[in-house]
Amino acid sequence: SAVISQKPSRDICQRGTSLTIQCQVDSQVTMMFWYRQQPGQSLTLIATANQGSEATYESGFVIDKFPISRPNLTFSTLTVSNMSPEDSSIYLCSVGRDFTEAFFGQGTRLTVV
Amino acid sequence: QQQVKQSPQSLIVQKGGISIINCAYENTAFDYFPWYQQFPGKGPALLIAIRPDVSEKKEGRFTISFNKSAKQFSLHIMDSQPGDSATYFCAATMGDAGNMLTFGGGTRLMVKP
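The listed protein sequences correspond, in order, to chains A and B.
Residue 1 is where the first sequence starts when you use this note's numbering, and the numbers rise one by one after that.
Residue 114 is where the second sequence starts when you use this note's numbering, and the numbers rise one by one after that.
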């Protein structure tokens with residue numbers, strides 16, 4: 001398995017500000033993923049973070065709003081920029097193994113006021 | 114991402130009963146179907162998974178039934194326990210998409226003592 005640490009675990013932010021979420025994995029992984037889980041809802045993939053190349057964003061998500069860094073094979077960050085109350089969600093980092101099993105961090109619960 | 118439809122949205126089962134959650138998918142390219150269990154405040158954790166070359170997979174009290182022709186799969190929890198109370202997500206992915214998951218909408222299960 002993979003142990004994933006996310007920071008912060010939760011935060012309350014003012015609208016118009018930005019928050020950077022960190023994801024640290026205990027082993028090297030090729031692909032890392034960022035998901036959003038809106039209150040009481042399912043998980044939606046934001047983007048795939050690849051080391052050495054730009055992130056690949058899913059429909060409805062753009063780099064200006066959710067810039068992602070992947071400086072090495074064990075770490076990634078997701079920034080939620082110019083936040084509004086609609087960005088209040090749980091943001092989850094995920095890594096894969098053997099192109100099947102996916103592991104998730106505990107998530108970052110973001111509240112925008 | 115192609116859609117995965119999950120039902121019911123919520124389920125109440127008596128202790129010792131059978132919990133059944135159903136999912137249907139559209140994209141025939143999906144070749145791996147995991148189920149995730151999520152407790153409040155935690156990230157999803159892999160429960161059990163199946164590939165379309167088998168019709169059933171059992172692990173302890175958890176069984177996946179898979180109907181390739183109908184593009185449907187289901188999770189059965191036998192002898193349901195209060196500790197099984199959680200949100201369950203079905204998901205699907207394609208081998209060449211790595212661990213990029215398309216999630217169903219989720220089922221909130223409550224097992225009454």
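Take these hints with a grain of salt, some might be off.
Straight-line C-alpha distance at most 25 Å; calculated SDA-like pairs for lysine to any residue [stated by the list, open to error]:
hint, chain 1, residue 1, chain 2, residue 2
1, B, K171, B, A142
2, B, K155, A, R10
3, B, K118, A, F61
4, A, K7, B, K170
5, B, K155, A, L73
6, B, K170, A, P39
7, B, K225, A, R10
8, B, K171, A, A2
9, B, K155, A, S69
10, B, K170, A, L73
11, B, K155, A, P39
FRET-style restraints, in silico, Cβ to Cβ [said to hold, decoys possible]:
hint, chain 1, residue 1, chain 2, residue 2, range
12, B, Q185, A, Q22, 19 to 29 Å
13, B, K128, A, S69, 44 to 54 Å
14, A, T79, B, K155, 19 to 29 Å
15, B, D192, A, S81, 42 to 52 Å
Hints are computed from structural coordinates only; laboratory data are not their basis.
Backbone N, C-alpha and C fix where the C-beta goes; we use that ideal spot for every residue, glycine too.
For each hint, the structure was consulted:
1. K171(B) / A142(B): holds (24 Å)
2. K155(B) / R10(A): holds (12 Å)
3. K118(B) / F61(A): At roughly 22 Å apart (the allowed maximum being 25 Å), F61(A) and K118(B) satisfy the hint.
4. K7(A) / K170(B): This hinted pair is violated, its Cα atoms lying about 36 Å apart.
5. K155(B) / L73(A): The given pair, whose Cα atoms are some 24 Å apart, holds under the 25 Å limit.
6. K170(B) / P39(A): With a Cα-Cα distance of about 31 Å, the restraint between K170(B) and P39(A) is violated, given a limit of 25 Å.
7. K225(B) / R10(A): This hinted pair is violated, its Cα atoms lying about 30 Å apart.
8. K171(B) / A2(A): holds (24 Å)
9. K155(B) / S69(A): Between K155(B) and S69(A) the Cα gap is close to 24 Å, so the pair holds against 25 Å.
10. K170(B) / L73(A): It is violated: about 33 Å lies between the C-alpha atoms, which goes past 25 Å.
11. K155(B) / P39(A): holds (13 Å)
12. Q185(B) / Q22(A): 19 to 29 Å: violated (39 Å)
13. K128(B) / S69(A): 44 to 54 Å: At 47 Å between Cβs, range holds.
14. T79(A) / K155(B): 19 to 29 Å: With a Cβ separation near 24 Å, T79(A) and K155(B) satisfy 19 to 29 Å, so the hint holds.
15. D192(B) / S81(A): 42 to 52 Å: holds (48 Å)
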